[in-house]
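Enquirer: Each chain, letter by letter, is given below.
Protein chains: 2
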Amino acid sequence: MNSVRSEIRPGAYFDSAVLMQLQRALLGLPGVADAGVVMGTPANLELLDQSGLLTDENKKAGANDLLIVIKAESDSAAGDALKQVDSLLSRRRASVADEFRPKSLETAAQQLPDASWVLVSVPGRFAAQVARDALNLNRHVFLYSDNVSLEDEIALKKTAQAKGLLVMGPDCGTAIINGVGLGFANRVRRGPIGVVGAAGTGLQAVTAHIHTLGGGVSHAIGAGGRDLKLEVDAITMRQGLDALARDPETRVIVLVSKPPAASVAAKLLAAAQAVGKPVVVDFIGYPPPARKLGNLHFATGLSEAAEMATQLLVRGKWEMPSQLPLANCYLRGLFSGGTLAYETMLGLQAVLSPLFSNAPITKDQTLPDPLKSQAHTIVDLGDDVFMVGRLHPMIDNDLRLRRLRQEAADPDVGMILLDVVLGEGAHPDPASELAPAIKEIREQRLEIEVVVVVVGTEDDPQNLESQVARLAEAGAVVFRTATEAIEYVAGRMSEPPGSVGAPVSLESLHQPLAAINVGLESFYTSLVGQGAQAVQVDWRPPAAGNEKLAAILAKMKKSNQ
Amino acid sequence: MNSVRSEIRPGAYFDSAVLMQLQRALLGLPGVADAGVVMGTPANLELLDQSGLLTDENKKAGANDLLIVIKAESDSAAGDALKQVDSLLSRRRASVADEFRPKSLETAAQQLPDASWVLVSVPGRFAAQVARDALNLNRHVFLYSDNVSLEDEIALKKTAQAKGLLVMGPDCGTAIINGVGLGFANRVRRGPIGVVGAAGTGLQAVTAHIHTLGGGVSHAIGAGGRDLKLEVDAITMRQGLDALARDPETRVIVLVSKPPAASVAAKLLAAAQAVGKPVVVDFIGYPPPARKLGNLHFATGLSEAAEMATQLLVRGKWEMPSQLPLANCYLRGLFSGGTLAYETMLGLQAVLSPLFSNAPITKDQTLPDPLKSQAHTIVDLGDDVFMVGRLHPMIDNDLRLRRLRQEAADPDVGMILLDVVLGEGAHPDPASELAPAIKEIREQRLEIEVVVVVVGTEDDPQNLESQVARLAEAGAVVFRTATEAIEYVAGRMSEPPGSVGAPVSLESLHQPLAAINVGLESFYTSLVGQGAQAVQVDWRPPAAGNEKLAAILAKMKKSNQ
Chain A
9 MNSVRSEIRP GAYFDSAVLM QLQRALLGLP GVADAGVVMG TPANLELLDQ
59 SGLLTDENKK AGANDLLIVI KAESDSAAGD ALKQVDSLLS RRRASVADEF
109 RPKSLETAAQ QLPDASWVLV SVPGRFAAQV ARDALNLNRH VFLYSDNVSL
159 EDEIALKKTA QAKGLLVMGP DCGTAIINGV GLGFANRVRR GPIGVVGAAG
209 TGLQAVTAHI HTLGGGVSHA IGAGGRDLKL EVDAITMRQG LDALARDPET
259 RVIVLVSKPP AASVAAKLLA AAQAVGKPVV VDFIGYPPPA RKLGNLHFAT
309 GLSEAAEMAT QLLVRGKWEM PSQLPLANCY LRGLFSGGTL AYETMLGLQA
359 VLSPLFSNAP ITKDQTLPDP LKSQAHTIVD LGDDVFMVGR LHPMIDNDLR
409 LRRLRQEAAD PDVGMILLDV VLGEGAHPDP ASELAPAIKE IREQRLEIEV
459 VVVVVGTEDD PQNLESQVAR LAEAGAVVFR TATEAIEYVA GRMSEPPGSV
509 GAPVSLESLH QPLAAINVGL ESFYTSLVGQ GAQAVQVDWR PPAAGNEKLA
559 AILAKMKKSN Q
Chain B
9 MNSVRSEIRP GAYFDSAVLM QLQRALLGLP GVADAGVVMG TPANLELLDQ
59 SGLLTDENKK AGANDLLIVI KAESDSAAGD ALKQVDSLLS RRRASVADEF
109 RPKSLETAAQ QLPDASWVLV SVPGRFAAQV ARDALNLNRH VFLYSDNVSL
159 EDEIALKKTA QAKGLLVMGP DCGTAIINGV GLGFANRVRR GPIGVVGAAG
209 TGLQAVTAHI HTLGGGVSHA IGAGGRDLKL EVDAITMRQG LDALARDPET
259 RVIVLVSKPP AASVAAKLLA AAQAVGKPVV VDFIGYPPPA RKLGNLHFAT
309 GLSEAAEMAT QLLVRGKWEM PSQLPLANCY LRGLFSGGTL AYETMLGLQA
359 VLSPLFSNAP ITKDQTLPDP LKSQAHTIVD LGDDVFMVGR LHPMIDNDLR
409 LRRLRQEAAD PDVGMILLDV VLGEGAHPDP ASELAPAIKE IREQRLEIEV
459 VVVVVGTEDD PQNLESQVAR LAEAGAVVFR TATEAIEYVA GRMSEPPGSV
509 GAPVSLESLH QPLAAINVGL ESFYTSLVGQ GAQAVQVDWR PPAAGNEKLA
559 AILAKMKKSN Q
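If you read the protein sequences in the order shown, they are chains A and B. Counting from 9, one number per residue, gives the positions in the first sequence under this note's numbering. Counting from 9, one number per residue, gives the positions in the second sequence under this note's numbering.
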C-alpha cells in the first residue's frame, strides 16, 4: 500500500530550478514512487490531485507556501524521504558556494560595468522591483519572469522609454542580441534580418527557420506577450522597430506577434511603413489586410514569415515613395459593391484609425448613421437600408452622386474612393455621370484626391478602356483591382509614426554582449557558454520572501534615498 | 425662391426602374431644380432631408408609401410637374405593352419549358413567395432581391436542398452559368476555374481578374450574403462546391465570402478538403490558417484568389493523399511554446471543431480548466497558471510527461501533438525524456499517432539530428515547422464532409441557359443580349401591393390546392 506524506513550508522561497532538482532527488530515494515539490497554488494542487498526491492535510497549503509531497511504498519510506529534504537542499547550496557572487545588482554592475543588459528570471512577485533597479542603473532589461502585473509592465516600459532603454518582457522567453541568445534561443547565423517578436517561440521559430533557409539574423528583440495590448501600446515593439530601422546591419525587418489591438496595429504598421526597409508582418490570427502594402509584406505563419524575409533580401533595396503623404485628412469611400467595400475595410483598417462603415469588420467600426460619414469612412451604398424601392447603385448613380458632393464639401476630407463595376446588368455608361462629378470636385478643391477602382473586362458592354480613360481625364487615379487601390491609399494616407521616446542607442546593440543575470542559473551558464561576459547575482528575495517585512524594508530604503 | 411640393401615394407599387425613370423625367421638366421619387422609409426620408426635399407634409409618408417630391423655381412649376406624374408613368407603360408577356410564373414556365432558372428581383416583401413558386416548379432560383427575411431564406434553401435545386441569394447580385451572366456579371472567357461566392462583387472581382490574367471560368455560383451564417449553414455554398467538384469541366475551385461562422467554416473547409481538386479560399477578413492545407490554398484578397487559381491550373492535378483519415477521435496538443500553440490553434480551428485551448483565439474556444482537455484541445503548458514556482516546460518535462500519459489514457484520443524547442536555455536533451514516453504510448495504443514539431538548428547544443532521429524511432511523425505539422494534422484529422442533400444535376448547368425573369427588365434584356433564351414575366404584386388583401388571396389559393 502506498503512503502519501507531505510537508508545508510557509512563505519559503526557492529558485524553481532548485525545486525541480529536489523533486528529482526525492524520486531517486529508496521506496519513493512519486514526489511533488511545488508552490501551493490552486492549479498546482489540482495537478497534485491528478497524480494522486493531494491529501486533506497538504491541500491547506497557500499560494506562497512550498509544498513537498512524497508517495512511497511505506509510511516509513515516505518519512525517511521527507527527513532528507534539508540535506538535499544544502547539498545543492554547497555546490555553488565556492564561486564569488555579488549579492546585489549594484555590486554586479560595479563588477561588470560594460554590462548593458540585465536578465531577470526571479519569481513574478519580485521581478518588477529587480527590473526597476536595473533601469535605475541604466541597463536594458530582459524580463523572463511571468506573473508580473500589467500595471508594473506599463510603468517599467514608460520609464525605459524615457531613458532610451528596452524592457523586453515580462514573459519574454527569447532574444538574440549581437549574436548572443538571451533566455531560450536557437543558435543562428548572423545576418541582415532583424526580428521583433512579442513572445518567445515566435522568435525562435522564425529565427531558426531563417537559419535553415541559409539566412541570418542581426538582432531578435523580444517584447513580451502583452506588449501589443491597448494599455501597453506596443512600447517595446515600436522601440525595437525603430532601433532596427536605424541599424545599418539590418536590411529586412520581421514583426511577429499575436494579433494586436486595432489601434495598436494601426500605429505599429504606420511606424513600419516609415522605416524605409521591407518589413514582414506576421500578426498570428490577424487577418492580413493584403499580401503587400508598400514596404509591408504580410505572412500567413511563422515559417512563411522567415521565407518572405529571406526572399526580400534577394530583391534588393526598398525605395520610399517620393510623393508626400496626405496629412491630417480623412478618406471617404463610396462603394456600389458590398464585397469590394468589405475588402477595402480589411485592407485599410490596418493603417487608418478610426475607420467606420456600414459594412464593419469589427463592431466598434459600425457607422452610427450610414447616411453620415465620420473620420475615415467606407460606405456600402448597396446596403439593404438604401435599397427599398431604389435601383442598385451599380445601375442608378443618383444616390452616389449626391453623397459624392456631400463628402467633397466636408473640409476634413482629403481623399474619396469609388468603385465602378462594369458588366452585364450594370449602368451602360457610368463614366458619363461619374466623370463630370469628379471633374467638378477637382476643380473646386484640387487638394482632394479621387481614387477609382474599375472592375471589368475588355469584353464588357461599357467599353472598359473608354471608362478608365474618361475617369482618369476627369482627374481620378484609376486602378483595376481593389488590391492596388488599397495599397495606394494606404501609402498616401498613412499617419505619421508616433514618437518612440528616447532612441535606443545602437552602440548598446553592437558592443560585445555583457550581461548581469538575476534568477535562473542556466541562463548565466548559457551566456558564458556563448562567449559573452556575464555575472550571476546570488539573489535572495527581500526579507527571505516574507512580503510584509519586505514592504517595510522597501519603505525604509525609499525614505533614505 | 424655390418651392417644394410633394405627393404621397399610399401602398402604391412600382418597379424601381420605373421610379428612377420617373425621377429623371421630372428633373427634365421646365423649372424643376430637384426631384425625389422614393418609398417613404426612414433612410429615404433622411436622404430627402439632406437634399432639402423633406417638408412637414411629406415626412408623414410611411415605408410602403410612394413619395414624389419636386423642388422647382416656383410653386406653379412644382405643381405643373406633379400633375404630369400620371402621364409620365402611363407613357412608360405603353412602351412595353406591345410585346406579349405572361402574367405568371406558371404561364412563363409553359412558354419556356427548358428554363431551368428563375431570376427574381421583385421587392423584398414579395420575393420569397415568387422564389417558393419557382421551387415548386422545380427551377433553380437566382434571388437578387434584398430585404428578404432570414427565416424565408432558410426555408427556401432547405426546400431547394431536398430537391437538388439551388437558391442563389437573397441579395445575390451575380452568377455566371454556362457562360451566361445572371444579374450583374462581367463578360469573361469560359475556362476551367469554378467559383462559388457569397456576394456579388466578390464574384465579379474574381472572375474579371481571372479573365484579365488570361484564364477562364466554368461557372460562378452565388450564394447570397447570409449563406455562411450559422443559421443558414452555407447550404448553397456547399451545394455549389459539390456541383463544381463533380463538374468535369472545372479543374480548380475558388470560394469567396466574408468570414463564415466558425463551425460553418470548419464544415465548408472539411467539404473542400474532400473534393479532390485544388480549392482557393478567400474568406475576406478570416485569418488564413496557413498558406496551404493539402488541396486548400488561402488567398489574401480577391485579386490574389484569381492569381492563385490561375497558377494552380498550371501545376497540374491535385492528388488525394492515400492515407485514410483518422475518424471520430480527438487531437490533444501539449505545447511548451505559447506562440507555437497559438499558431497551431489558428491553423487547426479552420478544420477541427469544437477546438479548445488555454490560448484561445476566440472566446468560445476557452478551455474551462487548463488541466483537463475536452474534444480537440491545444494546451500551452508555459501558461502563467502552470508557472508559479515551476520551471518552464522547455526546461522541465515533468508536467508534460504526466499530461502525456493522461491524454494517452483517454479512449477518445487519436492523435497527440507536441512541440520540442531546442536551443540555448532549453532542456539539454528533451528526446531522452520524451522519446521513451512516446514509445510507451505507441506500444500500449498503436492507434494513437504522435506528431512532434522540432524547432531548432543544426548548431543548437542539443544535436538536432539526433533529437529528430530518436523521436522518430520512438514512433513519432516529426516535422521541423508548425506549418508542416498543421498541414499534416489537418489532412489526417479532417471530418467527413456533411451531406449537401440531393445533388444538383450537372445537366442543368451544362445545357444552354434558359431562364424566366421576374422583376428588373434590364436583367431580361441582358440575358437575351447574351444569346440566352428568356421570358420576362409581367409581374404585379398580389392585390396590387395591398398586403392585407394579398394575405386573404394567398389563403384562398392555398385552401384550393
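None of these hints come from the bench; they were simulated from the model. C-beta atoms are modelled at their ideal positions from N, C-alpha and C, and glycine is treated no differently. Be careful, since some hints might not be right.
Claimed, not checked - Computed far set for chain A versus chain B, every beta-carbon distance over 12 Å: (1) Ser-95; (2) Lys-171; (3) Leu-454.
What the hints assert, rightly or not - Computed footprint of chain A on chain B, listed as stretches where at least three residues anywhere in the stretch have a Cβ under 8 Å from a Cβ of chain A: (4) 271-277; (5) 289-295; (6) 442-453.
To be verified - For each label pair, taking beta carbons as the anchor points, the in silico distance ranges come out as: (7) A:Pro-50 <-> B:Arg-413: 39 to 47 Å; (8) A:Asn-144 <-> B:Ser-440: 39 to 47 Å; (9) B:Gln-382 <-> A:Ser-82: 31 to 39 Å; (10) B:Pro-368 <-> A:Gly-537: 46 to 54 Å; (11) A:Asp-546 <-> B:Gln-452: 22 to 30 Å; (12) A:Lys-171 <-> B:Glu-466: 53 to 61 Å; (13) A:Leu-454 <-> B:Asn-10: 53 to 61 Å; (14) A:Leu-158 <-> B:Gly-60: 47 to 55 Å.
Enquirer: Compare the structure with the hints numbered earlier in the document and write down the numbers of the violated ones, lowest to highest.
Expert: 4, 6, 7, 10, 11, 12, 13
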